[in-house]
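Chemist: In case you want the letters, here they are:
Number of protein chains: 2
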Amino acid sequence: MNPTIELMKSHRSVRQFTDQRIPRETLLELIRAGQGAATSSHVQAYSVIHVTNPTNRERIAELAGGQDYIATCSDFLVFCADMKRPTEASERTGASVTRGMTEQLLVASVDTALMAQNVALAAESEGLGICYIGGIRNNPAAISDLLRLPAHVYPVFGMCLGYPDKENLPEVKPRLPVEAILKEDAYTDDTEEVAAFDESMRRYYSQRSGGRKNSDWSHNLTPLFDTKLRPHMRDFLVERGFEMK
Amino acid sequence: MNPTIELMKSHRSVRQFTDQRIPRETLLELIRAGQGAATSSHVQAYSVIHVTNPTNRERIAELAGGQDYIATCSDFLVFCADMKRPTEASERTGASVTRGMTEQLLVASVDTALMAQNVALAAESEGLGICYIGGIRNNPAAISDLLRLPAHVYPVFGMCLGYPDKENLPEVKPRLPVEAILKEDAYTDDTEEVAAFDESMRRYYSQRSGGRKNSDWSHNLTPLFDTKLRPHMRDFLVERGFEMK
Numbered sequence: 001m002n003p004t005i006e007l008m009k010s011h012r013s014v015r016q017f018t019d020q021r022i023p024r025e026t027l028l029e030l031i032r033a034g035q036g037a038a039t040s041s042h043v044q045a046y047s048v049i050h051v052t053n054p055t056n057r058e059r060i061a062e063l064a065g066g067q068d069y070i071a072t073c074s075d076f077l078v079f080c081a082d083m084k085r086p087t088e089a090s091e092r093t094g095a096s097v098t099r100g101m102t103e104q105l106l107v108a109s110v111d112t113a114l115m116a117q118n119v120a121l122a123a124e125s126e127g128l129g130i131c132y133i134g135g136i137r138n139n140p141a142a143i144s145d146l147l148r149l150p151a152h153v154y155p156v157f158g159m160c161l162g163y164p165d166k167e168n169l170p171e172v173k174p175r176l177p178v179e180a181i182l183k184e185d186a187y188t189d190d191t192e193e194v195a196a197f198d199e200s201m202r203r204y205y206s207q208r209s210g211g212r213k214n215s216d217w218s219h220n221l222t223p224l225f226d227t228k229l230r231p232h233m234r235d236f237l238v239e240r241g242f243e244m245k
Numbered sequence: 001m002n003p004t005i006e007l008m009k010s011h012r013s014v015r016q017f018t019d020q021r022i023p024r025e026t027l028l029e030l031i032r033a034g035q036g037a038a039t040s041s042h043v044q045a046y047s048v049i050h051v052t053n054p055t056n057r058e059r060i061a062e063l064a065g066g067q068d069y070i071a072t073c074s075d076f077l078v079f080c081a082d083m084k085r086p087t088e089a090s091e092r093t094g095a096s097v098t099r100g101m102t103e104q105l106l107v108a109s110v111d112t113a114l115m116a117q118n119v120a121l122a123a124e125s126e127g128l129g130i131c132y133i134g135g136i137r138n139n140p141a142a143i144s145d146l147l148r149l150p151a152h153v154y155p156v157f158g159m160c161l162g163y164p165d166k167e168n169l170p171e172v173k174p175r176l177p178v179e180a181i182l183k184e185d186a187y188t189d190d191t192e193e194v195a196a197f198d199e200s201m202r203r204y205y206s207q208r209s210g211g212r213k214n215s216d217w218s219h220n221l222t223p224l225f226d227t228k229l230r231p232h233m234r235d236f237l238v239e240r241g242f243e244m245k
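Chains A and B, in that order, are what the protein sequence lines are. Quick note on numbering: our numbering labels position 20 of the first sequence as 20, and the sequence is numbered without any gaps. Quick note on numbering: our numbering labels position 95 of the second sequence as 95, and the sequence is numbered without any gaps.
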């Protein structure tokens with residue numbers, strides 16, 4: 001196992017940081033490393049908002065559901081899918097541009113995620129800790145207003161970065177067995193692997209909580225599939241020009 | 001610059017490979033490294049189909065627009081956003097599950113992309129070359145049938161992996177200046193940075209083609225925003241249970 005793969009397998013979401021600040025040049029280097037990721041047809045359909053204003057950091061921490069570390073970590077980034085830059089660049093050449101295609105939403109969201117994952121891993125390779133903030137999508141319209149995001153740009157997720165408080169480093173969370181994820185030639189049922197994983201997650205939660213947490217992977221998923229999880233996303237995207245045509 | 005960041009900044013899409021095959025244990029290690037990536041609420045909403053059947057490899061090469069290296073590279077993977085596994089797991093606990101939310105499409109697509117980018121970089125850290133295949137979405141229904149993908153699973157992109165033919169390694173393609181991508185506190189216009197990048201891309205294409213290719217970044221984007229780019233994606237996703245409600 002080489003050091004890069006080792007780094008990937010030791011990822012955990014860090015939410016407790018020291019007061020040390022990340023040098024500006026390091027931050028730029030992380031973004032440049034992010035830009036090295038593959039991008040669909042070279043479109044580079046992303047922008048990153050570096051939120052430094054303390055009031056805005058506190059406001060975003062609230063809007064994301066009370067995640068204080070957004071306000072206190074060294075640096076907070078909002079990764080945005082950006083179809084404004086490329087569509088306008090194309091338009092300036094005289095091209096006839098159609099916006100709002102479902103495919104464009106996918107291209108921009110995937111481009112943004114590939115780029116962000118490089119940033120995350122680059123940060124970890126420099127000894128930093130990170131935490132993705134999907135809670136950005138709890139209130140995407142308010143956050144878009146705060147960051148003055150124009151049409152055809154939407155915030156996909158945030159990321160907290162900082163030097164981890166090594167005395168409070170969370171454990172690496174187990175993952176589904178590789179046999180459930182990797183399938184040969186065709187999709188196959190993985191109910192048995194999921195059942196085995198549920199058992200190991202139940203032991204994991206019990207051990208970590210001193211017997212107080214009695215749950216497993218399958219039970220933990222319920223809030224995600226409840227109708228209440230971000231039902232505003234469709235209208236929000238449409239309103240920002242991602243009409244999913 | 002540490003070796004992990006160096007690796008990110010030297011990424012290129014490799015389409016020419018030697019005949020050497022990737023050991024099975026290495027492939028499993030790459031997938032496990034992929035699984036180390038952050039996942040929204042631990043949902044792990046992805047499956048990877050390892051396509052080994054030569055007839056299917058050739059058929060996918062055609063369906064993706066005549067990309068022969070899909071058939072000839074050592075290993076070909078199709079990364080799928082998978083909402084079947086977690087929604088059914090949740091349902092088995094007795095939960096009332098709503099499918100087809102726009103948010104679920106985003107969660108699964110982003111989860112898949114984060115995971116895949118780890119796989120890509122893990123492969124490169126082992127001396128392999130990779131190429132993402134967005135052309136999977138040229139004919140997603142036919143490819144889903146071929147791989148027997150059930151409802152609530154869709155193929156986001158493919159990935160070719162193999163040992164690069166080092167005598168035909170493509171150059172690292174330039175990226176937009178970091179000043180265009182990283183914005184302080186609010187979205188700002190980057191027309192000037194794009195114009196400068198267009199100039200440098202024009203020189204890059206001219207040099208590489210011995211003066212024959214006269215284009216730039218903005219002109220190259222036109223096919224992406226033409227109405228003809230994958231207008232079937234919306235209906236395809238709806239038909240597979242991703243209704244974008």
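If you are wondering where the hints come from, they were derived from the structure by calculation, not from laboratory data. Keep in mind that a hint or two might mislead.
In this list, chains with the same sequence are indistinguishable; a pair is considered to hold if it fits within one copy or across any two.
Unchecked claim - Straight-line Cα separation of at most 30 Å, DSSO-like style, residue types lysine-lysine; simulated pairs:
id	residue 1	residue 2
1	9	173
2	166	228
3	166	9
4	228	245
5	213	228
6	166	245
7	9	228
8	9	245
Chemist: Compare the structure with each hint and give your call.
Modeler: Hint check results:
1. Taking the closest pair of Cα atoms, residue 9 and residue 173 come within 30 Å of each other both inside a single copy (10 Å) and across two copies (29 Å).
2. For a Cα distance limit of 30 Å, the shortest separation of residue 166 from residue 228 qualifies neither inside one copy, at 36 Å, nor across copies, at 52 Å.
3. Taking the shortest Cα distances, residue 166 and residue 9 sit within 30 Å of each other both inside one copy (17 Å) and across copies (29 Å).
4. In this assembly of identical chains, the alpha carbons of residue 228 and residue 245 lie at most 30 Å apart whether taken from the same copy (24 Å) or from different copies (12 Å).
5. Taking CA atoms no more than 30 Å apart as the test, residue 213 paired with residue 228 passes inside one copy only; the shortest distance there is 24 Å, against 52 Å between copies.
6. For the identical chains of this complex, residue 166 and residue 245 are neighbours neither inside a copy (47 Å) nor across copies (42 Å), given an alpha-carbon limit of 30 Å.
7. With identical chains, the CA atoms of residue 9 and residue 228 are never at most 30 Å apart, being 32 Å at best within one copy and 41 Å at best between copies.
8. For the identical chains of this complex, residue 9 and residue 245 are neighbours neither inside a copy (38 Å) nor across copies (35 Å), given an alpha-carbon limit of 30 Å.
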